[in-house]
Amino acid sequence: MTDPSAREDIPITADEDVVRVRQVVRAYAQRAKLGLVDQTKLVTATSELARNTLIYGGGGTATVRLVTEGRRQGVSARFHDEGPGIPDTELALTDGWTSGGGMGLGLSGARRLVDEFELDTEAGRGTTVTVVKWSR
Amino acid sequence: MTTESGRSDNLAALLRDRAETLTARWVELSAAPLKGRLSVAELDRELTELYSVLLAAVETGNRDAHGSAFADVRALLSDISRRRARAGFTPTETAIGVFALKQAFFELVDRAEGAGLGDVVVLSQLLDALGLWTFESYARAREEVIDEQAEQLLELTTPVVKLWDGVLAVPLVGTLDSARTQVVMEKLLESLVSTGAAHAIIDITGVLAVDTQVAQHLLKTVMAARLMGAECTISGIRPHIAQTIVGLGIEFGDIPTKASLADALRHALKRSGVDFVRADGRR
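Chains as they are written, first to last, in the working numbering: chain G, 1 to 136; chain B, 1 to 283.
Same shape as in the complex, but just chain B (with noise of 0.2 Å):
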């Protein structure tokens, strides 16, 4: 027990007294990789700082990386890794930050500069779990980005126009699982009773395939509206879909369906009592 306390009391003095070298080569090491996307000032006060917690938390005697005193070091990375995570770094890049200081103390070995085969592998080890560490906290960080973007997109993807007084319409763009069906019927019902439209109009354009789930779908949601009141028309039904809506063998029933939108809107407007007529009086 008192050699592993002296060769540990060995490596934070080491990392006391090289402190200045081996931060200078661990901020030269870390910035190559990164090809200048951080600046070297930004780099060095990071990991100058984060030097500062690792010194402290080896100077407590304690080498578990995952213990009370490394806490701070834990936050300080997870701090960082989160901030490369969400600016678009590889993991690589993110981690290659610890992984760097060990590259530095090697060397300060290499050139025999007091440092034995113990602290070596002590430092090694440490390093090697703040490393896996900071990928954690990367991956932890990208996660909660992609709920994010996920969340988003469940929104961005389902707007309601106002196509016409009285008459709305609901561009579907991409795959129509029952999540999206519910924000899409809840923001069209919503928005019935909010401008009083009679006329609802699902345009289904952008929608790559309408397999059965998706027909069954659109279908309550066209039920729906019609217990409010409004009528609705489904537009957009490319003929490689109509195809196999029917080979599939469904039915829209009485549901007024559409090639176009624009289809869909005549139609509407016809139903509301609006003629269009053209300004030198032909139809």
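Chain G with its partners taken away, still in its complex shape (with noise of 0.2 Å):
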């Protein structure tokens, strides 16, 4: 992939960005010929992510991109941030449980929304989600 706007990396810093993601993903959604439930689907996997990155990462940047496989379409977004790191990722991704105020359910139901979903973090090295979905 060359195209140019078949990418865009967008700073997180403040809870206005987080609904910038959120619009970004559903046009790439759109463009990717994501059907309605699996835009809806990304769309709120990625809002989780990207809050998990401001609270919990101290903020960072998100990575959005058309994917191609084949003849399938997709959309992959990539989370990254400098923060503390995740020490325990069985525990985070655990329903219910959450080391701030939160439901304890963006993590864990964010990997259920996807079809792929990569945790990389280390205590005290940052973290790195990368989420992608696939048109049908």
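By construction, these hints were calculated from the structure, which means they are not laboratory data. The structure presented is a predicted model; accordingly, all values stated were derived computationally and were not measured. Ideal Cβ placement from N, Cα and C applies to all residues, glycine included. Warning: the hint list may mix true and false statements.
Ranges of calculated distance between the beta carbons of each label pair, as one might list FRET restraints [claimed, not checked]:
{"#": "1", "chain 1": "B", "residue 1": "Arg271", "chain 2": "G", "residue 2": "Glu118", "range": "33 to 39 Å"}
{"#": "2", "chain 1": "B", "residue 1": "Ala87", "chain 2": "G", "residue 2": "Ser99", "range": "49 to 55 Å"}
{"#": "3", "chain 1": "B", "residue 1": "Ala224", "chain 2": "G", "residue 2": "Arg112", "range": "25 to 31 Å"}
{"#": "4", "chain 1": "B", "residue 1": "Ala87", "chain 2": "G", "residue 2": "Arg7", "range": "34 to 40 Å"}
{"#": "5", "chain 1": "B", "residue 1": "Gln243", "chain 2": "G", "residue 2": "Arg7", "range": "58 to 64 Å"}
{"#": "6", "chain 1": "B", "residue 1": "Gly229", "chain 2": "G", "residue 2": "Glu69", "range": "53 to 59 Å"}
{"#": "7", "chain 1": "B", "residue 1": "His66", "chain 2": "G", "residue 2": "Arg7", "range": "41 to 47 Å"}
{"#": "8", "chain 1": "G", "residue 1": "Gly100", "chain 2": "B", "residue 2": "Gln103", "range": "38 to 44 Å"}
Make the complex out of the two chains shown on their own, each in a separate frame, by following the hints.
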């Protein structure tokens, strides 16, 4: 993919940026011809991850891009922060567990809403979460 | 220093002597890009006033656009920029008003009517600084407009409507953040008290996505309403939202949820003992 418009970097430093991530992801999901249900799932998952980046990671960047695999098209979203990292990923992915004041469903729920989920983190090294949703 | 002040005096004298020619050309040049959205008479009045305060400032011998000598010029420019911003003119259309004087002056110099390079440079720098000031005033005015609108939107988008005796509804539209939820919750709770309603329906048809934060806000609002003795129903859950909520793993517990506002109203009325019967006797 060399088309420059097929990729967008969004800094996440404030609440409005979470909304902006949602809007960009929705636009990309429409370009990748995802159905309404898949669009909503992906937008909701990225909304959770963007907010995690902001609240727990202390801000970071979101990278949204179109991806293709054979004849399928999809949207990939990568969230990166240089925050404190997650010491226990097993625990963080448990439903209902939260280190903040949320419902404890953001990370685990986001994983259920997408097709591919990759969590790369270590205490003190920051966190990178990459998710992909494919068109059917 | 003597040459400096001599030059400046020359600039002031030039601006004073050629006032009519320069103002006329200035108005002409400024009017063109505005494409008749501002009448020439209006523009003429504005620019003539601006020209006179500018001339007064230049005559003091001071050349610092940010100094006290130019305070009147800056105030007047701020005023004009503010009006332009509110009237929906672009930043270029606003600043052109200042830069057009430069053009008028250059033309004067081009005809070699007594202006030297020194005058051109001095006036040019002065007008550049004032042009930037215009930009800043314009941006400030626009920011004020945006702030006002954001506040109005917060108020506008959260009406509490009465659907029936004892049944209130809050149709939510757009993004539900913490600030919005706070407004919604306050309005709903106040309305519950003032109307004595026993049922509240929160309709989320217009909410684009329900994530855990939105859900948490909704749950808190429902809990608060319950503490006040009112029953809450969440309506307007569309199929793709429902599937996403399930995927996320959010549970609304024992809070009744309905697909449409109509269903929620029927539910609330049934709970308060009202039944609908068709006029012809059939259900």
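Hint check results:
In this structure, arginine 271 (chain B) and glutamate 118 (chain G) break the distance hint of 33 to 39 Å, their C-beta atoms being roughly 47 Å apart. The beta-carbon spacing between alanine 87 (chain B) and serine 99 (chain G), approximately 51 Å, falls within the hinted interval of 49 to 55 Å. Remark: the range hint 25 to 31 Å for alanine 224 (chain B) to arginine 112 (chain G) is upheld by a beta-carbon distance near 29 Å. For the pair alanine 87 (chain B) and arginine 7 (chain G), the supplied restraint of 34 to 40 Å holds, since their beta-carbon distance comes to about 39 Å.
At roughly 28 Å, the beta-carbon separation of glutamine 243 (chain B) and arginine 7 (chain G) lies outside the given 58 to 64 Å, and the hint is violated. The given range of 53 to 59 Å is respected by glycine 229 (chain B) and glutamate 69 (chain G), whose C-beta atoms sit roughly 55 Å from each other. With their beta carbons about 43 Å apart, histidine 66 (chain B) and arginine 7 (chain G) fall inside the hinted range of 41 to 47 Å. With their beta carbons about 59 Å apart, glycine 100 (chain G) and glutamine 103 (chain B) fall outside the hinted range of 38 to 44 Å.
In summary, the numbered hints that this structure violates are 1, 5 and 8.
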